[in-house]
Amino acid sequence: MAKDDSGFTEVEEYSKKLNNNPESLVFVPLAESYRKSGMLDEAIETCVKGLQLHPSYMSARMVLGRAYMEKKMYEEAETEFRKVASADVNNIMAHSLLGQNYMKQAKFADAIKEYQKVLTLNPDDITAQQMLNKALELARQSAPPKGAPAGSSGGGAVEQDKKKNLSRAEELSKQGDIENAIRLYRLILEADPENLVVRQRLKDLELRKVKASTLPKTVVRSKTDIVSSFRDNDKITSDDILSVMKDTVPRTSPPPIKSVVKPKAAATAPVKATPVAPKSAESKIVNTKGSEEVVDIDKMPALSKLKQTEGIVGIMLMDIHGKVLSSTLKTKAGTPELTNTVSLIFSKTEKSVQAMDYGKQVNQILITGEKGQIIFSKIGSKILVVMADENINLGKMRLAMSEVVKALR
Amino acid sequence: MDFKAILNEIVANVDGAIGAGLVGTDGIVIEQIALKGDFNISDVGAEYATIIKNAKKASENFGLGKTSEILISTEKATMIMNTVSADYFVAIALNLEGNLGRGRLEVKKALPKFEKELT
Numbered sequence: 094m095a096k097d098d099s100g101f102t103e104v105e106e107y108s109k110k111l112n113n114n115p116e117s118l119v120f121v122p123l124a125e126s127y128r129k130s131g132m133l134d135e136a137i138e139t140c141v142k143g144l145q146l147h148p149s150y151m152s153a154r155m156v157l158g159r160a161y162m163e164k165k166m167y168e169e170a171e172t173e174f175r176k177v178a179s180a181d182v183n184n185i186m187a188h189s190l191l192g193q194n195y196m197k198q199a200k201f202a203d204a205i206k207e208y209q210k211v212l213t214l215n216p217d218d219i220t221a222q223q224m225l226n227k228a229l230e231l232a233r234q235s236a237p238p239k240g241a242p243a244g245s246s247g248g249g250a251v252e253q254d255k256k257k258n259l260s261r262a263e264e265l266s267k268q269g270d271i272e273n274a275i276r277l278y279r280l281i282l283e284a285d286p287e288n289l290v291v292r293q294r295l296k297d298l299e300l301r302k303v304k305a306s307t308l309p310k311t312v313v314r315s316k317t318d319i320v321s322s323f324r325d326n327d328k329i330t331s332d333d334i335l336s337v338m339k340d341t342v343p344r345t346s347p348p349p350i351k352s353v354v355k356p357k358a359a360a361t362a363p364v365k366a367t368p369v370a371p372k373s374a375e376s377k378i379v380n381t382k383g384s385e386e387v388v389d390i391d392k393m394p395a396l397s398k399l400k401q402t403e404g405i406v407g408i409m410l411m412d413i414h415g416k417v418l419s420s421t422l423k424t425k426a427g428t429p430e431l432t433n434t435v436s437l438i439f440s441k442t443e444k445s446v447q448a449m450d451y452g453k454q455v456n457q458i459l460i461t462g463e464k465g466q467i468i469f470s471k472i473g474s475k476i477l478v479v480m481a482d483e484n485i486n487l488g489k490m491r492l493a494m495s496e497v498v499k500a501l502r
Numbered sequence: 513m514d515f516k517a518i519l520n521e522i523v524a525n526v527d528g529a530i531g532a533g534l535v536g537t538d539g540i541v542i543e544q545i546a547l548k549g550d551f552n553i554s555d556v557g558a559e560y561a562t563i564i565k566n567a568k569k570a571s572e573n574f575g576l577g578k579t580s581e582i583l584i585s586t587e588k589a590t591m592i593m594n595t596v597s598a599d600y601f602v603a604i605a606l607n608l609e610g611n612l613g614r615g616r617l618e619v620k621k622a623l624p625k626f627e628k629e630l631t
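Residue numbers (our numbering), protein chains in the order written: chain A, 94 to 502; chain B, 513 to 631.
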């Protein structure tokens with residue numbers, strides 16, 4: 094049993110608090126500390142007791158479920174995670190843990206469903222994407238061999254049609270024919286309304302359509318498109334979904350279809366969209382060559398003033414697709430890596446914020462680290478990145494930034 | 513002083529605070545206070561954790577080192593998140609009229625109390 098000193102310190106501290114006030118909710122961090130220290134029986138006992146007093150405390154059920162899972166008590170774990178997922182269908186963690194729990198029991202079809210739910214709620218969840226890939230692969234491997242009882246020929250034909258439509262929809266999507274791809278995905282969804290991945294694809298395409306209609310025509314292939322295309326290599330294709338559903342539900346499945354498995358390298362490659370950054374062009378103002386819209390920081394008074402504000406160590410102006418319009422940032426990472434980081438943090442944070450119902454768009458993100466601060470501000474289709482040292486007066490910085498915002502608008 | 517009391521103190525001292533919570537970096541909420549019915553960190557603890565995770569990554573890429581505070585503003589709300597330790601962070605959400613400066617200050621003031629309770 095793995096127990097470390099820090100775990101014991103925490104355990105002692107929380108135990109003391111719980112003894113002083115047995116009705117306190119401190120039983121959750123106590124149980125969590127037990128679990129992290131490998132004291133699974135104690136974690137379970139603490140949670141069970143605590144839940145008798147606070148039965149609707151879902152965080153406690155999550156800790157309890159995890160302890161059960163680590164103790165290989167998968168049914169009990171499932172019961173707890175299910176309770177959380179029933180209380181809140183959008184609880185990503187509950188679905189993710191259910192997926193893990195099913196994987197441990199080799200119930201791959203169930204695991205796939207849970208990971209699909211996770212990805213519907215958060216399409217950027219790289220871990221869920223990787224786990225879904227793994228579940229699909231394992232489901233495929235454990236599927237009945239050729240010649241195993243298949244569904245009726247009618248069912249097989251329906252399945253083939255579905256496969257054909259999905260392939261066609263993907264093809265259309267890749268060709269940029271979003272309109273027809275959406276139409277086709279809607280048809281597929283009508284026939285299979287439970288298909289979460291198709292639902293997600295449709296949502297993505299509809300979002301792409303809205304974005305495309307608001308973008309200037311000159312943008313042909315933006316950095317985010319490139320990033321998306323890198324990611325697409327790791328996303329699940331319709332063939333994957335169909336083949337696995339077919340394989341895991343042999344009653345209604347046609348015989349295995351050839352060439353439905355995407356190249357293994359693409360399926361298992363780590364999701365890393367960040368291009369390798371050139372280490373040059375860092376210290377001076379960098380204007381994107383060939384860009385139709387370049388901003389010279391020194392020629393724009395508000396930007397120039399912002400650059401000169403005490404404590405500011407660099408600024409970068411980019412469009413929402415990652416194209417740098419101007420930059421004075423000096424960092425170890427290269428410009429492409431930084432713009433990629435900015436685009437990703439905005440898109441991921443926006444998704445989280447939308448999931449929390451705190452708004453549709455993120456206007457500003459401030460990150461304070463031990464060596465300084467960075468502010469990302471979205472101004473229309475541009476993002477202003479301002480990096481400052483740790484002593485900056487945030488008020489002054491925001492004031493200088495507001496002038497830039499006015500000027501850019 | 514328990515977690516709830518510390519969180520209560522934060523939201524009571526910040527105009528426009530909607531709620532606050534102590535959350536694990538794995539998304540599990542330890543404690544929360546809601547001043548508005550629809551504010552429920554328990555439901556969205558994982559999203560807060562995702563934001564923290566992404567911000568940490570961005571902080572590393574920009575060479576800022578260890579992340580201590582993250583502030584997100586949207587058209588509906590502002591969220592302030594401060595790391596308490598490697599495993600926990602405290603989050604407070606404010607409405608648009610909320611006093612952001614006060615929010616940051618109160619969270620910073622409360623950090624040692626959380627640290628003390630958690631260690």
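If you're looking for bench data, these hints aren't it; they were derived computationally from the structure.
Each hint should be verified, as a subset may be incorrect.
As the list claims (entries may be wrong) - For lysine-lysine, the following DSS-like pairs were computed, each having C-alpha atoms within a straight-line distance of at most 27 Å:
#1 Lys621(B) / Lys489(A)
#2 Lys464(A) / Lys588(B)
#3 Lys588(B) / Lys499(A)
#4 Lys444(A) / Lys625(B)
#5 Lys625(B) / Lys453(A)
#6 Lys444(A) / Lys578(B)
#7 Lys471(A) / Lys453(A)
#8 Lys625(B) / Lys471(A)
#9 Lys109(A) / Lys588(B)
#10 Lys129(A) / Lys569(B)
#11 Lys548(B) / Lys489(A)
#12 Lys621(B) / Lys444(A)
#13 Lys453(A) / Lys423(A)
What the hints assert, rightly or not - Quick partial rundown of chain B residues pointing at chain A, CB under 8 Å, derived from the structure:
#14 Thr562
#15 Phe574
#16 Glu587
#17 Ala605
#18 Leu623
Unchecked claim - Quick list of simulated restraints, FRET-style, between CB atoms:
#19 Ser495(A) / Asp514(B): 18 to 28 Å
#20 Pro148(A) / Asp514(B): 17 to 27 Å
#21 Ala598(B) / Lys423(A): 22 to 32 Å
#22 Thr631(B) / Leu146(A): 22 to 32 Å
#23 Asn520(B) / Ala500(A): 37 to 47 Å
#24 Glu272(A) / Asn611(B): 44 to 54 Å
#25 Lys165(A) / Thr631(B): 24 to 34 Å
#26 Gln268(A) / Glu609(B): 43 to 53 Å
#27 Asn552(B) / Thr102(A): 25 to 35 Å
#28 Pro148(A) / Asn607(B): 27 to 37 Å
#29 Ala598(B) / Ser179(A): 23 to 33 Å
#30 Gln447(A) / Glu609(B): 37 to 47 Å
#31 Glu609(B) / Lys489(A): 46 to 56 Å
None of the values given here were measured: they were computed from a predicted structure.
We put the beta carbon where it would ideally sit given N, CA and C, even for glycine.
Against the structure, the hints come out as follows:
Restraint check for Lys621(B) and Lys489(A): satisfied, since their Cα atoms lie roughly 22 Å apart, inside the 27 Å limit. The hinted pair formed by Lys464(A) and Lys588(B) fails the criterion: a straight-line CA distance of about 30 Å is larger than 27 Å. Restraint check for Lys588(B) and Lys499(A): the C-alpha separation of about 21 Å stays at or below 27 Å, so the hint holds. Taking the CA atoms of Lys444(A) and Lys625(B), the gap is about 32 Å. The hint is violated against a cut of 27 Å.
For the hint linking Lys625(B) to Lys453(A), the alpha-carbon distance of about 34 Å lies beyond 27 Å, and the restraint is violated. For the proposed pair Lys444(A) and Lys578(B), the alpha carbon gap of about 24 Å is at most 27 Å, so the pair holds. Distance hint between Lys471(A) and Lys453(A) is fulfilled; the C-alpha atoms sit about 13 Å from each other, no more than 27 Å. The suggested pairing of Lys625(B) with Lys471(A) is violated, with an alpha-carbon distance near 35 Å, which exceeds 27 Å.
For the hint pairing Lys109(A) with Lys588(B), the CA-to-CA distance comes to about 41 Å; that exceeds 27 Å, so the pair is violated. Our distance criterion of 27 Å between C-alpha atoms is met by Lys129(A) and Lys569(B), whose separation comes to about 24 Å. Between Lys548(B) and Lys489(A) the CA atoms are separated by roughly 32 Å; this puts the pair beyond 27 Å, and the hint is violated. For the proposed pair Lys621(B) and Lys444(A), the alpha carbon gap of about 30 Å is over 27 Å, so the pair is violated.
Using a Cα cut-off of 27 Å, the hinted pair Lys453(A) and Lys423(A) is violated, with the two alpha carbons roughly 32 Å apart. For Thr562(B), the interface hint holds, since its Cβ comes within 8 Å of a Cβ in chain A; the closest pair sits about 5 Å apart. Checking Phe574(B) against chain A: minimum C-beta separation of about 5 Å stays under 8 Å; hint holds. With its C-beta approaching chain A no nearer than about 5 Å, Glu587(B) sits inside the 8 Å limit, and its interface hint holds.
Restraint check, Ala605(B) versus chain A: the minimum CB separation of about 7 Å is within 8 Å; hint holds. A least Cβ separation of about 13 Å between Leu623(B) and chain A goes past the 8 Å threshold, and the interface hint is therefore violated. Checked against the given bound of 18 to 28 Å, the beta carbons of Ser495(A) and Asp514(B), roughly 41 Å apart, lie outside it. Distance hint check for Pro148(A) and Asp514(B): the Cβ-Cβ separation is about 20 Å, which falls inside the suggested range of 17 to 27 Å.
The beta-carbon spacing between Ala598(B) and Lys423(A), approximately 29 Å, falls within the hinted interval of 22 to 32 Å. For the pair Thr631(B) and Leu146(A), the beta carbons lie near 25 Å from each other, so the given range of 22 to 32 Å is met. Asn520(B) and Ala500(A) have their C-beta atoms about 43 Å apart, which keeps the hinted 37 to 47 Å range intact. For the pair Glu272(A) and Asn611(B), the supplied restraint of 44 to 54 Å holds, since their beta-carbon distance comes to about 47 Å.
Restraint check, Lys165(A) to Thr631(B): a C-beta distance of roughly 31 Å satisfies the suggested window 24 to 34 Å. Judged by the Cβ atoms, the range 43 to 53 Å given for Gln268(A) and Glu609(B) holds: they are separated by roughly 48 Å. Taking 25 to 35 Å as the suggested C-beta distance range, the pair Asn552(B) and Thr102(A) conforms, at roughly 31 Å. Hint check: Pro148(A) to Asn607(B), Cβ distance near 32 Å, so the stated range 27 to 37 Å holds.
Our hint of 23 to 33 Å for Ala598(B) and Ser179(A) holds, since their Cβ atoms are close to 32 Å apart. Checking the proposed 37 to 47 Å range against Gln447(A) and Glu609(B) shows it is violated: the Cβ atoms sit about 22 Å from each other. In this structure the supplied range 46 to 56 Å is violated for Glu609(B) paired with Lys489(A), their Cβ-Cβ distance being about 23 Å.
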